[in-house]
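Residue numbers (numbering that gives the first Met the number 0), protein chains in the order written: chain B, 0 to 424; chain C, 0 to 424.
FYI, nobody ran anything at the bench for these hints, they're computed from the structure.
Quick caveat, the model's predicted, so the values are computed rather than measured.
Think of the CB as a built atom: it goes at the ideal place given N, C-alpha and C, for glycine as much as any other residue.
Accuracy of the hints is not assured; some may be wrong.
Here are some chain C residues the structure puts well away from chain B; computed CB gaps all over 10 angstroms [to be verified]:
hint: 1; residue: N19
hint: 2; residue: A32
hint: 3; residue: Q54
hint: 4; residue: E66
hint: 5; residue: D286
hint: 6; residue: E294
hint: 7; residue: I324
hint: 8; residue: T375
hint: 9; residue: E384
The calculated label-pair distances, taken between Cβ atoms and stated as ranges, are [said to hold, decoys possible]:
hint: 10; chain 1: B; residue 1: G213; chain 2: C; residue 2: E334; range: 43 to 51 angstroms
hint: 11; chain 1: B; residue 1: R218; chain 2: C; residue 2: E109; range: 55 to 63 angstroms
hint: 12; chain 1: B; residue 1: A72; chain 2: C; residue 2: G176; range: 55 to 63 angstroms
hint: 13; chain 1: C; residue 1: V247; chain 2: B; residue 2: W108; range: 21 to 29 angstroms
hint: 14; chain 1: C; residue 1: G213; chain 2: B; residue 2: S274; range: 54 to 62 angstroms
hint: 15; chain 1: B; residue 1: E34; chain 2: C; residue 2: N11; range: 53 to 61 angstroms
2 protein chains.
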Amino acid sequence: MTDTGISESIKNQVLELGRNARKASRALMGWTADEKNRALNAMADALEHNTPQIQKANSADVTEARENGLTDAMVDRLVLNDDRMAAMIRGLRDIAELPDPVGRVLKSWEKENGLLLKKIAVPIGVIGMIYESRPNVTADAAALCLKASNAIILRGGSEALRSNQAIAEALQKGGRGAGLPEHAIQLVPVRDREAVHALITMDKYVDVIIPRGGEGLIRAVAENATVPVLKHYEGICHVYVDGTADPVKAWSIVENAKCQRPGVCNAAETLLVDSGLDADWLVKMADILEARGVELRGDDRARNIVDSMKPATEKDWRTEYLDLILSVRVVDGIEQAVEHINTYGSGHSDAIVTDDPEKQDYFGRMVDSAAVYINTSTRFTDGAEFGMGAEIGISTDRLHARGPVALEELTTYKYVVTGDGQIKE
Amino acid sequence: MTDTGISESIKNQVLELGRNARKASRALMGWTADEKNRALNAMADALEHNTPQIQKANSADVTEARENGLTDAMVDRLVLNDDRMAAMIRGLRDIAELPDPVGRVLKSWEKENGLLLKKIAVPIGVIGMIYESRPNVTADAAALCLKASNAIILRGGSEALRSNQAIAEALQKGGRGAGLPEHAIQLVPVRDREAVHALITMDKYVDVIIPRGGEGLIRAVAENATVPVLKHYEGICHVYVDGTADPVKAWSIVENAKCQRPGVCNAAETLLVDSGLDADWLVKMADILEARGVELRGDDRARNIVDSMKPATEKDWRTEYLDLILSVRVVDGIEQAVEHINTYGSGHSDAIVTDDPEKQDYFGRMVDSAAVYINTSTRFTDGAEFGMGAEIGISTDRLHARGPVALEELTTYKYVVTGDGQIKE
Chain B
0 MTDTGISESI KNQVLELGRN ARKASRALMG WTADEKNRAL NAMADALEHN TPQIQKANSA
60 DVTEARENGL TDAMVDRLVL NDDRMAAMIR GLRDIAELPD PVGRVLKSWE KENGLLLKKI
120 AVPIGVIGMI YESRPNVTAD AAALCLKASN AIILRGGSEA LRSNQAIAEA LQKGGRGAGL
180 PEHAIQLVPV RDREAVHALI TMDKYVDVII PRGGEGLIRA VAENATVPVL KHYEGICHVY
240 VDGTADPVKA WSIVENAKCQ RPGVCNAAET LLVDSGLDAD WLVKMADILE ARGVELRGDD
300 RARNIVDSMK PATEKDWRTE YLDLILSVRV VDGIEQAVEH INTYGSGHSD AIVTDDPEKQ
360 DYFGRMVDSA AVYINTSTRF TDGAEFGMGA EIGISTDRLH ARGPVALEEL TTYKYVVTGD
420 GQIKE
Chain C
0 MTDTGISESI KNQVLELGRN ARKASRALMG WTADEKNRAL NAMADALEHN TPQIQKANSA
60 DVTEARENGL TDAMVDRLVL NDDRMAAMIR GLRDIAELPD PVGRVLKSWE KENGLLLKKI
120 AVPIGVIGMI YESRPNVTAD AAALCLKASN AIILRGGSEA LRSNQAIAEA LQKGGRGAGL
180 PEHAIQLVPV RDREAVHALI TMDKYVDVII PRGGEGLIRA VAENATVPVL KHYEGICHVY
240 VDGTADPVKA WSIVENAKCQ RPGVCNAAET LLVDSGLDAD WLVKMADILE ARGVELRGDD
300 RARNIVDSMK PATEKDWRTE YLDLILSVRV VDGIEQAVEH INTYGSGHSD AIVTDDPEKQ
360 DYFGRMVDSA AVYINTSTRF TDGAEFGMGA EIGISTDRLH ARGPVALEEL TTYKYVVTGD
420 GQIKE
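Chain B with its partners taken away, still in its complex shape (with noise of 0.2 angstroms):
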């Protein structure tokens, strides 16, 4: 993904993209919530009429993803069959009924010199989303741009082109009967990858790039982006039982975080233990997580306490299993257990479980994570967990958006300020 690779007919083509959803961005600025809940929900239509075309073309993706060789978890995230379809339609729907993130006053105060300032929630402008296989992001993703009256420039996976072409056209369609503007949702037309350079380093047209996807599709991203990239590179999440943990609780959430979905990043993937606690806590824990089919890496002092355990590396305690492996530390105390998860996790979600307050609140403030959970299993970090309805990614960056990416993470701010005639003196 270098410059002298990009092929200057696709530049322009993708420059072109940005053009229009600039102009489209901006009238969208002029919006309303029920004029985007009517579009919304047009496109929700039009997807379920548009359904036998839309399965037509994913069935020639998946067939060309077969005869790619494919792996089937690949081939299985491809295929959009009926209740994955309803799940996409019911999706913009209820998009349609959450609040309108744009317009909210944030903040609104007078000066002495009477000057009234608004801090007001508006879009962002132009979002590029960048993604992999599963082609109901194509849909999530735009309706989620729309509701913050954002545009959308969307770059789907290659094998799932012609799946997200027809979602896309299905979607223009619908949003052109409730008066869309024609460019806020497009899609890059070609399978070529210097298209996604020229996505990624359009600051004039893109305000910010979201990548989903695996970690090399992420960092690439991340790495050669002129535009700001909201990213999530990997969730490293901890338990740590403090020695005043209340065991049982202590084992119901560390079986959760485990076990519940170990695939996605939330789960747990590194249990620290108070060397305060009971050294049958443990041993007890590793008889559930090994009940339930886990594989345990302990270092040598829980290795002391279950002999069960495998020997755990330097390497086990920076790495997203996403599978039904945990990592196991005796720490001595909070302050290790605090140390360890700065060090090797990746900021994005954490738990402790304790009875003791100044514990709760030294943990609460001095673990350097997106969500810090307290007595509680790191599985819910999620918009809909929180409350805050559909997400579009969670970030483990700091800047702008912290943790789930939902509505009012794809808004920016202005400034409104009303005076009657005052100058700077």
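Since chain B is already given, all that's left is putting chain C on it; use the hints.
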């Protein structure tokens, strides 16, 4: 500034600054408001006590700058006379008086499952500040970052290195006495430009880069950084005088926006006049401005009314004069005015003068700028004028911070979720 040009030793030196800054930033997460304010006052004391050494170092910089043929304006920016020293010291004490931006509960809510969610303002972490000339920025930026519990790595102009070093040493000495973590405030100790490249690509240890200076500097930083950048390109600010404007207020607002301090980013560069406004208004406006020494450059319709105007070219609409020059265009109503502003402006500060509430609303909603003014001057875009206290800069970006970047903008947030054993179903 390419990878190949970086000497390994400079890169390692900067990496060491980064590692140490990260450690200091983690320690600062535990600091209270009182501790920070005590450190800020101790730093002010140290600047006071070290004034002779600082001014001696400054004299050496000034002498070298003169020998190197820097312009008088550049040399003037460099000089630390008694007044400027006093202002710098007072600045630190003022920052100590401001409310703590860290720990604010931005939002708090309970879910049906009993989880208590709090969205809490926390430090960003490590801030890299890159600036030119004025050595007072060393103290101002360090103090603002510390007040928000951030560690800072400072990289000033090479022509001010001795001054910056003397100031940083005094700040560190004062801070040390108040228990400040050793590497909370660090200055890049070398002049080599390679150090800048190392700083802006050190994602692991630096969370945001704030560049302050000429457009060349900012563009180079933005293009080469992999760390997120909070930047301010230029201020091409407009005043639009609608046909419904109070003529007297309009004269006064335009005069103020252009003339009160023409060299700053929130001064007006373009006047847009509604063709519906009485032609006499523009004649009188031109008299007022010309009496203040302003050169007017108009489009054909403006020159038909005021024939002393020079012709404006396309380039004028895109130019930040920072001088007593104003471009003038006659437009057909508010929509054309907004179109002009969104096309040629820099998203900084733009004003309308009108008594029509509908036009006020339209302008406030449709102008895509950080600050939009209704019946008042663009010159108010400033942290202090907005009531935020001192500012570290003004952002024309859209993400994270827009407009004045003051203490609250130097924080991010995290979620602290407290439960009683809840697990995800």
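Verification of the hints:
no. : hint                                  : verdict
1   : N19                                   : holds, 15 angstroms
2   : A32                                   : holds, 13 angstroms
3   : Q54                                   : holds, 32 angstroms
4   : E66                                   : holds, 38 angstroms
5   : D286                                  : holds, 18 angstroms
6   : E294                                  : holds, 21 angstroms
7   : I324                                  : holds, 19 angstroms
8   : T375                                  : violated, 3 angstroms
9   : E384                                  : violated, 7 angstroms
10  : B:G213 <-> C:E334: 43 to 51 angstroms : holds, 46 angstroms
11  : B:R218 <-> C:E109: 55 to 63 angstroms : violated, 38 angstroms
12  : B:A72 <-> C:G176: 55 to 63 angstroms  : holds, 59 angstroms
13  : C:V247 <-> B:W108: 21 to 29 angstroms : holds, 27 angstroms
14  : C:G213 <-> B:S274: 54 to 62 angstroms : holds, 56 angstroms
15  : B:E34 <-> C:N11: 53 to 61 angstroms   : holds, 56 angstroms
Comparing the model with each numbered hint stated earlier shows that hints 8, 9 and 11 do not hold.
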